[in-house]
Amino acid sequence: MPATVTLTGLGKNFGTMAALSGVTATLAAGQITGLVGPDGAGKTTLLRLIAGLLTPDSGTLEVLGHAAENRDAVRGEIGYMPQRFGLYEDLTVQENLDLQADLHDLDRATRRERFETLLQFTGLAPFTGRLAGQLSGGMKQKLGLACALLPRPKLMLLDEPSAGVDPASRRELWRIVRTMAGTGVAIVWSTAYLDEAERCDSFLLLDRGRLLASGSPSDFTRQLEGRTFLAELPEGQRHRIQRGVAALPPIADATIQGRSLRLVLKAQSALPDLTDVMGNSATTRPTRPRFEDAFVSLLQADRPPIAAPPVQEALTRSADGIAIEARDLTRDFGRFRAVDKVSFSVKPGEIFGLLGPNGAGKSTTFRMLCGLLAPSAGSAHVAGVDLGRARATARERIGYMSQKFSLYGNLSVRDNLDFFSGVYGLAGRRRSSRIAWTIESFDLESVVNLEAGSLPLGFKQRLALGCALLHEPQVLFLDEPTSGVDPLMRREFWSRIGGLAEGGVTVLVTSHFMEEAEYCDRLGIVYAGRMIASGSPDAMKQRFVTAELPEPTLEDAFVGLIREHDAGGQDAAAA
Amino acid sequence: MWGRIAALILKEFKMLWKDSKSRMVLVVPPLVQLVLFASAATFEVTDAALGLWIEDRANPAQELVSRFEASPAFHVVARFDNPQAVQDALDSQKVKAVLHVGQTFSADAAAGRPARVQLLLDGRKSNAALILQSYALGIVESYNLARAGQAIAELNIQSRAWFNPNFDSRWFILPGLTVLLTIVAILLITALSVARERELGTFEQLLVTPLRPMEILVGKTVPALCIGFVEANVIAALACFAYGVPFVGSAVLFNVAIAVFVLSAVGIGLVISSIAKTQQQAILGVFLFLSPAAVLSGFTTPIANMPDWAQALTHLNPIRYMVTLSRGIFLQDLPWALAWPQLWPMALIGCVTLGFATWLFSRRLE
Amino acid sequence: MTSARTFFRRFGGLLHKEFVQIVRDPSSIAIALVMPVVLLLLIGFGISLDARNVRFGIVDENRSVETAGLFQAFANTPYFRPFSFLTSKAAEAALMRGDIEGFVVLRSDFSRRVADPIRAADIAIVVNGVDANNARIVTGYAQGVVATWLLGHRRDRAQPAVSPVTVENRYWFNPEIRSTNFIVPGLIAMVMTMIGALLTALVVAREWERGTMEAMLASPASMTEILLGKLVAYFVLGLGGLAVSVFIGLVVFEVPFRGSAEVLIAISSVFLIVSLAMGLLISTVARSQFVAAQLAFLVTFMPALILSGLMFDIESMPRWVQAVTTVFPARYFVSSLQTLFLAGTVWPVLLPNLAMLMGFAVLFLALAIARTHRSLE
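Protein chains in written order, with the working numbering: chain A, 1 to 575; chain B, 576 to 941; chain C, 942 to 1318.
Do not rely on the hints blindly, as some may be mistaken.
What the hints assert, rightly or not - Covered by chain C, per the in silico footprint, the following chain A stretches (three or more residues, Cβ under 8 Å):
hint, segment
1, 51-64
2, 72-79
3, 85-95
As the list claims (entries may be wrong) - Quick list of in silico lysine to aspartate or glutamate cross-link-like pairs, DMTMM-like style, CA-CA up to 25 Å:
hint, chain 1, residue 1, chain 2, residue 2
4, B, Lys589, A, Asp418
5, A, Lys404, C, Asp966
6, B, Lys852, A, Glu480
7, A, Lys404, A, Glu440
8, A, Lys341, A, Asp90
9, B, Lys852, A, Asp332
10, B, Lys852, A, Asp90
11, B, Lys852, C, Asp966
12, C, Lys1030, B, Asp908
13, A, Lys460, A, Glu445
Unchecked claim - One-sided and incomplete, this derived list gives chain A residues near chain B with beta-carbon spacing under 7 Å:
hint, residue
14, Leu372
15, Tyr408
16, Gly425
These are calculated hints, taken from the structure and not from any lab test. These numbers come from a predicted model, not from an experiment. For glycine and all other residues, C-beta sits at the position ideal for the given N, C-alpha and C.
Chain A on its own, in the form it takes in the complex (with noise of 0.2 Å):
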């Protein structure tokens, strides 16, 4: 197959900061490529620097052909998705499918032709009158394929298109794209999620602007053949059996699976005694090797062990036996119900994870019970008080993490720690102490003076967490703490977070990611306003086992059970 795109060395800075370097690869036509790599890693840089927005410092770089000077010529033969599908919200679906026409100067009948084609193709045939703005996730994802998809591009570059969507429109968008690829047209497709990588034809593995490894993804992941491992976890002290396991020299990487831990060992390593550690009843069996078991071996290599962090005190406990509680909770925005009567509670010392698609509820759900939004209806309690009188007084218990890093970035990691103490009430000794004890159990005492926006991510989590902490709350509630960060940060955070479950704080997280969905001790899935399914994750995948599947992922018991929802709904419309 010939070559569609070629760099050399490519390399192009920000400032003194190497966004990439060094990276050389082929892509071919026909292929699905994935970019795979946290946030930082250089996969935006690199699909811009293909699609012609920005020019390279170093190395070089031939695209269908042509050379970076020359992108002119191709522009008409390249299909760009940006990371927000760049679509025009206040326009609607026909309008801005004409306006992709325009611009590469379709003529009428072409046009025509080409939008039943896709329109069919994306399901998208009924909505051509609604704004764009008013499309779910899943279907601005399709309408964002669609009209890159228009011109027929012989490369189409998507940068993180599955994003935030629900499983089930992530699969139809493979489908679609695999479709797309056997008619010969090359595709790179960016992503933090690592088994969409697995799926891939070949891939590229960045981080922090480096090419690690390349080539096609079930090699990669053949070479830890033999080294994985799954153990069975007795009941309770999930977290410290993982800290112990994973402390051990031959294992290269401890995780939890549900009521299993996922072994990693090093190379040339055999299976170490795990009784010590895990009691007798350890029983351990070889499973298959997974994308991320590869990629976590790789990043360990070139980075230093990451100390196991102390251990927690234990913390004060309320006596009540319910730590965070919701009834009914509902949600409306005009008319339309965002949250319809979800109920759940959650136990102190455990951590509960709320799962779903973007516009699900999921987020108003946990909005509404860190205080930050009243409830329509339905009544929310935590840590022991009523959200609708004393939400004052609740916040107090609560400790929060937002999603994108929104502490002060101008200001100094003391500054912060400084400000939130102070906000929260903490004075004299106390505010001292905890302070220092932040720094100290965070790892922050060399970037203590720099500015907070200034950090690499890995610091500004921790940072953020630290905050999160500093009067002591009971409950901890996390929205999506680790979306683009790389795994082994991803590992280190939740070994955090274990130890503090273990030390009685309840955590209620949100999240994406499925694997991260496996270290909680229960979930709730949130689905068009309602919680579909609640329970432990191994419960969970039980329900899904099959003949074919004798070992679903939680994602396929995610589409199962929406498959489920919408069948059932359809049954009693029917009805």
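Model the placement of chains B and C on the given structure of chain A, informed by the hints.
Relative to chain A, chains B and C alone:
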């Protein structure tokens, strides 16, 4: 509660100080505007380009003309001998005014008949025209006096302008400019502060803390108050020392008035901030408020000259009161008793706007 | 390389998109059409540089037929609203309180002095000098009233008099010397400045924020085409705003219009382009919105008010300030409008202004395009 507010106030100060851009923006534009506008804003007309159309050669005419030539207000740039040339010159703004002395002038004057000269003025700049007219009148009056001798002078008019004997327009403008520059800075700071926090996401983090809406407002108001004090006093000091504007009133009264004024300005800024969802909208809001408010405040044109409905509207404008107070304190040594009728409406506006902002804030939290 | 048809289709598509967005976004329409109306009405009616109904005190220590006659003379003019005082002290107190803006003192020997052909009558006029401009005007008016009265008085008494020379003032282009005639054209200029800058600054920033600019740049459309598309669309909107403003000036404020409509449209169009381009430039230069706000203010509103010739006469400013005003496009537009409305199509004034404005337009456009190219980096 005080601990929380103190932490918030400290944070606001740090934010303003550490952001080098906002630090610069608080200092440079007011200074630049002060210097520029103090120099530009002058109601005096000097060296006005004058054209002469003199049809009379006799002495009385020449003497009158020479007085015009000697006056600092005028600067003779052309002489015409026909109406068309005069028209062209006025049209193309080569001259601001033309003095026309007719053929019969000297003869009339000698014979004791009413003698008249014409002053043709470019009405496109009517303000300048009015001023030139009064200068010309002055020149003619002194000509009359000299010509007729003291005995026949019928009128001895002495004019005095209180508080500003030299009619120095800078004395009029700078106290008002102090007020205007202060409110521009305050509005931009407060209106943008909440909008910026909302855009950055830090506002949400604030809402999750135990801070009550009222505390947030106080936390935003106090730093703005301090900055308002500093700006107003610095600009006032500059006006006095660099531009020689006298300050005969009470500094205490001045600062009390500034305090009330800044509070009302902060209230307005916070209301704009609560309504605006983005910084862009906040900027727009400030613009839309300031454009009419600055012009209809008595800053450049007297309120008394406005139609009644406009005068009624100015009662809602805190700038109006502060400008009056400022001028009064700088130039007139305004006593407290006379200051009071200006102070209480501002205080009222402040209370209303701050209360409204608090209410909006709490509602926004829903 | 690209054929004309391709270009037009692309550009047409962009234009169409801009117009649809304008129609569906109320804030643009509010800025371009509603704001000028509100500002013009508010400020146009609010400001007046003409002294009218000035509250003026007459201190009458003489209480004679003559002083009554003088009082009447003041009352008969539209400029004054006289109030009678018995003592100077009372009048001074009133002046301090702000009840009156000035007063004239007629001493106890006023009637005797007026009748006496040898001794002059002493009259003191006191005005509040805080507002220097107004003070000078009021003093002038008061002097005029007194002088006129005296002349009439003498004539009635058939006394011989050496007629003093009087000045007849004729105001070209603005015979009734209505300050509105002079202010409204300047206001229109100020409003146009603000419209231009606000519209584009807001609109471009929004595209960046929403990520649509990025998608646009990856398409065959070039940066120039994208910016031009916005410029044209908002230009049309701005012209609408101009039409509304001129309409209000002509119909509501009854400002005469003596120039040619084509020239008005031509010059206004150029100025609109200048202020739109300035808005574009501001939005590319100022990453932080805080700075953008101050910039926009510094560069559009304050200069339009103070340095454009709207309020204060430019030729009377110190030389260095005059030099500074040449940098602000509003100045040229104000001058053109004043001439077009009140004088007519006077080319010696209009041509240089037009040339300067065109120069600005080219400069700002080029800068805006150059800077937006680099924004992605």
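Taking the hints in turn, this is what the structure says about them:
no.: 1; hint: 51-64; verdict: holds (count 4)
no.: 2; hint: 72-79; verdict: holds (count 4)
no.: 3; hint: 85-95; verdict: holds (count 8)
no.: 4; hint: B:Lys589 / A:Asp418; verdict: holds (12 Å)
no.: 5; hint: A:Lys404 / C:Asp966; verdict: violated (28 Å)
no.: 6; hint: B:Lys852 / A:Glu480; verdict: holds (24 Å)
no.: 7; hint: A:Lys404 / A:Glu440; verdict: holds (24 Å)
no.: 8; hint: A:Lys341 / A:Asp90; verdict: violated (32 Å)
no.: 9; hint: B:Lys852 / A:Asp332; verdict: holds (20 Å)
no.: 10; hint: B:Lys852 / A:Asp90; verdict: holds (18 Å)
no.: 11; hint: B:Lys852 / C:Asp966; verdict: holds (15 Å)
no.: 12; hint: C:Lys1030 / B:Asp908; verdict: holds (18 Å)
no.: 13; hint: A:Lys460 / A:Glu445; verdict: holds (13 Å)
no.: 14; hint: Leu372; verdict: holds (6 Å)
no.: 15; hint: Tyr408; verdict: holds (6 Å)
no.: 16; hint: Gly425; verdict: holds (6 Å)
Violated hints, listed in ascending order, are 5 and 8; each of the other numbered hints is respected by the structure.
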